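K.L.:
Residues per chain, in single letters:
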Amino acid sequence: MRDGRIVAMDIDVLMDGGAYVTLSPVVLSRGCIHAAGPYRCNNVNIRGRTVFTNTPPNGAFRGFGAPQTEFAVEVQIERVAEALGMDSVELRRINALRPGDTTATGQTLRDDTSALMVLEEAVRRTDFLRKRERYKGTNRAMGLSLFYHGAGFTGSGELHLKSKARLELTPTGVRIATGSTEIGQGTRTTHAQIVSDALGIPYEDVEVAQPDTARVADSGPTVASRTCMVVGKILENCAHEMKERLNGLSPADFYARNGAFSVEQMYEPPDWIKWDDATYRGDAYATYGWGCDVVEIEVDPDTFEVRPLKLTAVQEFGRPIHPALAQGQIEGGTAQGLGYALLERVVMRNGAMANSQLTNYTIPTTLDMPELDVVMMENPYPGGPFGAKGLGELPMDGPAPAVVNALRYMGLDVREIPATPELIASCTAAA
Amino acid sequence: MKFVLNGATTDVKAHPMARLLDVLREECGLTGTKEGCGEGECGACTVLVNGEPVCSCLIPVLQVQGADVVTIEGLGDDHPLQRLFMNEVGAQCGICTPGMIMAAIALGPSPTLDDVKIALAGNLCRCTGYSAIYRAVLKWRAMPDANAAAVAAR
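Protein chains in written order, with the working numbering: chain F, 603 to 1033; chain Y, 578 to 731.
It is possible that part of the hints are untrue.
Stated by the list, open to error - Quick list of in silico lysine to aspartate or glutamate cross-link-like pairs, DMTMM-like style, CA-CA up to 25 Å:
(1) Y:Lys-694 with F:Asp-975
(2) F:Lys-876 with F:Asp-713
(3) F:Lys-764 with F:Glu-866
(4) Y:Lys-694 with F:Asp-970
(5) F:Lys-912 with Y:Asp-692
(6) Y:Lys-716 with F:Glu-973
(7) Y:Lys-716 with Y:Glu-629
(8) F:Lys-845 with F:Asp-799
(9) Y:Lys-716 with F:Asp-975
(10) Y:Lys-694 with F:Glu-946
(11) F:Lys-764 with F:Asp-879
(12) Y:Lys-694 with F:Glu-973
(13) F:Lys-733 with F:Glu-684
(14) F:Lys-912 with Y:Asp-691
(15) F:Lys-912 with F:Glu-900
(16) F:Lys-738 with F:Asp-902
(17) Y:Lys-716 with F:Asp-970
(18) Y:Lys-694 with F:Glu-907
(19) Y:Lys-694 with F:Asp-904
(20) Y:Lys-694 with F:Glu-900
(21) Y:Lys-694 with F:Asp-902
(22) F:Lys-733 with F:Glu-973
(23) F:Lys-766 with F:Asp-814
(24) F:Lys-876 with F:Asp-703
Hints in this document: simulated from the structure, not taken from any laboratory.
Given the structure is predicted, the values throughout are model-derived calculations rather than measurements.
Go ahead and model the full structure; you've got the sequences and the hints to work with.
P.N.:
This is how it looks when you write it as structure tokens:
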């Protein structure tokens, strides 16, 4: 409508799955659920298809479909604002999801919905509106994206998974026995922190077993931004049960008097979650992380290289269990997102990837990365350990639309990514 | 084939065209040096040869005859820069970390942030976005004895 309210969305999602199914159904599912973006709209039609093509399977990447569809909606929002003659920040403000709003699947959002909070903070912190004006007519520009990411398995996925975690009493403390795999994200540290705080024992007294499936509890896969939020929550519950059984004794004292015992619990999703796999209606995710990225870019007038100068990532993911590790997830995910935006072009030729070396498939180096300003905002999720939500994939959703929206302020109508110099050159020729 | 490895004279039997990377890992048992791409693009296998950071996957061992080679093991187990990589979370998955540290060790004195970026431009990291690595390296260089330690490592 003229006043900026979005009254209907008609979205067609078409994904290239390659020659084999692999994880494409899940990528398509998450992609479609996020396809309407973090916006309220009562009339949404989303059609999703994945097609076979004659290439290696495309499968999953960090974000599982959401970076693709959120890119589309965030770029489209800029076009809508242009057509209305309205400022795009104002358009986002009018339509951003708020607590009590319903999503495309009919989910009523709860208090831990922070689209407006991250948007306002990012706009304020970067002086976005004034700077955007100031750069008009130069080779610099500011771009913004608003995004969200559902944490944990989709719909009834967590219910079907029946994830378990176990805490074992040892002569010196406790041992965590889960299937969660440490891949550098800091799972061993955050899980041990959660257990140490919930039990009220020193961090050093918590050890973490190697995730050997012959001896640890089956906590489900280490995916879907669920390891801290879901497995961490089971561990928190285990710690509470263990604390009761310790009856005031330290783990070491209890062990010396009574010997070992262990506590194993299964994940129970919040009881209000309702999801219907047949109609795809209901609570798609127990909670969402929220983000707003603002990027400042410069385009080289001779080479058409797009250089990001500074990226401000304002992200809300409940509460960080370990702020430095959480910041590492945001910085690293943002770097991947910038690679997706500007550099990482997959070239298929005769059914094979033609650039499968780091020589010709280039990921961001130190010289490709802008200054990063990370802001972690809090809005605790009651179902997560100490209020934490999932975080791993969220930062991947924002950089690409922010970069392309910045290019749009330069008059460049970029319709695909990565925005390589060749692509910018062709857009410049068209303009 | 004789060269100085982490301060000690070493004599290895290897084909002269064997990659220094393989000789270090397999003949010398020093598995701290990682193989990433194996084509000189990622820097994961960086070691110092006569104080210069090089990709050990591109160097035939013949080329280090008589040279001074320092690997991540040559820093000992508790080098301040290793500790800072840990404290600042400059390492996530860890594959780039030994090469990243060796490239940073070779930095000149009092580097600016741009100096650090240029020095590490040949070392790819997919996890951190590099910011935490800059924090670690700059904090290390701000330590009073860092310059002396770097010279000793050469």
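K.L.:
Each hint needs a verdict: does it hold in this structure or not?
P.N.:
Outcome of the hint check:
1. Y:Lys-694 with F:Asp-975: 17 Å, holds
2. F:Lys-876 with F:Asp-713: 18 Å, holds
3. F:Lys-764 with F:Glu-866: This hinted pair holds, its Cα atoms lying about 12 Å apart.
4. Y:Lys-694 with F:Asp-970: Distance of about 10 Å is within 25 Å: holds.
5. F:Lys-912 with Y:Asp-692: Roughly 18 Å between the alpha carbons, so the hint for Lys-912 (chain F) and Asp-692 (chain Y) holds.
6. Y:Lys-716 with F:Glu-973: 17 Å, holds
7. Y:Lys-716 with Y:Glu-629: 22 Å, holds
8. F:Lys-845 with F:Asp-799: 11 Å, holds
9. Y:Lys-716 with F:Asp-975: This hinted pair holds, its Cα atoms lying about 18 Å apart.
10. Y:Lys-694 with F:Glu-946: 20 Å, holds
11. F:Lys-764 with F:Asp-879: 17 Å, holds
12. Y:Lys-694 with F:Glu-973: Between Lys-694 (chain Y) and Glu-973 (chain F) the Cα gap is close to 11 Å, so the pair holds against 25 Å.
13. F:Lys-733 with F:Glu-684: 18 Å, holds
14. F:Lys-912 with Y:Asp-691: 14 Å, holds
15. F:Lys-912 with F:Glu-900: 10 Å, holds
16. F:Lys-738 with F:Asp-902: Answer holds: Lys-738 (chain F) to Asp-902 (chain F) is near 16 Å, not above 25 Å.
17. Y:Lys-716 with F:Asp-970: The given pair, whose Cα atoms are some 22 Å apart, holds under the 25 Å limit.
18. Y:Lys-694 with F:Glu-907: Since the Cα atoms of Lys-694 (chain Y) and Glu-907 (chain F) sit roughly 19 Å apart, the hinted pair holds (cutoff 25 Å).
19. Y:Lys-694 with F:Asp-904: This hinted pair holds, its Cα atoms lying about 24 Å apart.
20. Y:Lys-694 with F:Glu-900: 19 Å, holds
21. Y:Lys-694 with F:Asp-902: Judged against 25 Å, a Cα distance of about 20 Å means the pair holds.
22. F:Lys-733 with F:Glu-973: Between Lys-733 (chain F) and Glu-973 (chain F) the Cα gap is close to 17 Å, so the pair holds against 25 Å.
23. F:Lys-766 with F:Asp-814: Holds, at roughly 14 Å.
24. F:Lys-876 with F:Asp-703: Roughly 16 Å between the alpha carbons, so the hint for Lys-876 (chain F) and Asp-703 (chain F) holds.
Going through the hint list in order, the structure satisfies each hint without exception.
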